[in-house]
Structure formats: structure tokens, C-alpha cells
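Taking the hints into account, I'd like the entire structure generated from these sequences.
Those letters in the sequence shown? Residues -21 to -1, 1 to 169, by mature numbering (1 follows the signal peptide of the UniProt record, and there is no 0).
The set of hints was computed from the structure by calculation and includes no laboratory data.
Please note that the accuracy of each hint is not assured.
What the hints assert, rightly or not - Per label pair, the in silico range of CB-to-CB distance: (1) 52 / 157: 21 to 27 Å; (2) 54 / 156: 28 to 34 Å; (3) 82 / 168: 29 to 35 Å; (4) 141 / 70: 16 to 22 Å; (5) 167 / 121: 37 to 43 Å.
Stated by the list, open to error - Lysine-lysine pairs mimicking PhoX-like chemistry, simulated, CA-CA at most 25 Å apart: (6) 10 / 32; (7) 32 / 140; (8) 10 / 65; (9) 162 / 42; (10) 42 / 65.
Beta carbons: idealized from backbone N, C-alpha and C, even for Gly.
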Amino acid sequence: MIYVQVFSVIIAVMRMRMVSPQTISGGSCTKDVETVADFDVDRYTGRWYEHEKYPVIFEFGGKCIYAEYHDLGNNEVSVFNYQKNKFPGLGSSITGTAKVVSSGKLEVRFDGFAALAGPGNYWVLDTDYENFSVVYSCADFLGIVNTKVIWILTRERFPEKQIVAQARDAITSHGFSLRGLVKTDQSNCD
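Right under this line is the structure:
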């Protein structure tokens, strides 16, 4: 029986390393992360370009990444995520819905095969709605280890430096590291 438990932990750690190797921590995800107060889902809708993120396996080889959110009413938004693959140059997308569960905290459910992973959290740490958003997500495995992902999203494909600086300041003010952030290639997207 102990071998099964050890094997399960090893598999969980391997899965987490595939998701985000720079952000693995021991224990469960913390629930006391401060998010945007009085989050306005209507102002948040529209297109957001991914500027930087902690790397995740489902974006491997991706460029020109963006997300579009549309208000469905009842504190729900439709989710459309797109990326162009650097290698064959083909685009891929995934759809789903996100529900606001409390201010700045959304629960995302993707359609199709991705639905097997279950709901994910999408917590807006900071946004000015017009220029940038900082999004946090955390998944834990068996309460033993967790992996954190942070995204910097911007309204412009190529934002001004002070907008990116503002987003990066939001990350550090929430106690997260800038180390491990990778800039998303947004060149030659048209």
C-alpha cells in the first residue's frame, strides 16, 4: 500500500512539473490571496493579450496568445483562448465559461477534453480594466504540492513599458516573484 501512495505522489509531482516547473510549492494552495475589490465583470470583458506568464505546458510552443471574454449575464462570461503554434504555424483555441464566485475570483470550466481537468481558478489580483490585468491560478495535488501560474494580460498586443511595470509591481506587491516570468511572443501574428 505504501508503494501505491509513494507512486501517486511521484506522478502528482511529475504532472505539476509539466504544468509549471518554476512555481512548485509544498502544501495546498493558499486561499487568502487578495483579489480586486468590487470586480466589474462588464468592464473586464473584451480582448486581452498575454504579455508574460509563468510557463504552462498547455501553451508550449504557443505565440500570439490572447483571450476574449463576453458577458453572459448572471456573473458569467464566455471564455475564448487562442494561440498560434510556433512550429507548424497553425492556430488552436479552447472555449469555456467562467463564473464570478466572489469579487475578483472566477471559476473557469473549459469545454471538450479539457473539461476532464475540472474547474480551475482565475483570480484577478489587479486590473485597471483599460490597460492591464494580473491573473493568478493555483492547483494543488493531494494537498501535498501545488503549482502557481501568473499571467500579465494587456489590452494592446504591444503595451507601453509603464503599463507592464504597473502589472509587475502588482505581482510583487502580492508577494509573488517576477523570476520565472516568460514574455509571450506577439510578433507576426496577423
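Now the hints, each set against the structure:
Checked against the hint of 21 to 27 Å, the C-beta distance between residue 52 and residue 157 comes to roughly 37 Å, which is inconsistent with it. Roughly 31 Å separates the CB atoms of residue 54 and residue 156, a value that falls within the hinted 28 to 34 Å. The hint said 29 to 35 Å for the Cβ distance between residue 82 and residue 168, and at roughly 33 Å that hint holds. Residue 141 and residue 70 have their C-beta atoms about 31 Å apart, which leaves the hinted 16 to 22 Å range violated.
Checked against the hint of 37 to 43 Å, the pair residue 167 and residue 121 passes, with Cβ atoms roughly 42 Å apart. For the hint linking residue 10 to residue 32, the alpha-carbon distance of about 21 Å falls within 25 Å, and the restraint holds. About 16 Å separates the Cα atoms of residue 32 and residue 140, which keeps this hinted pair within 25 Å; it holds. Of the supplied pair hints, the one linking residue 10 and residue 65 is violated, its CA atoms being roughly 36 Å apart against a limit of 25 Å.
A hinted pair counts as satisfied when its Cα atoms are at most 25 Å apart, and residue 162 with residue 42 qualifies at roughly 10 Å. Taken as a hint, the residue 42 and residue 65 pair is honoured in the structure, with Cα atoms around 6 Å apart against an allowance of 25 Å.
Going through the hint list in order, the structure does not satisfy hints 1, 4 and 8.
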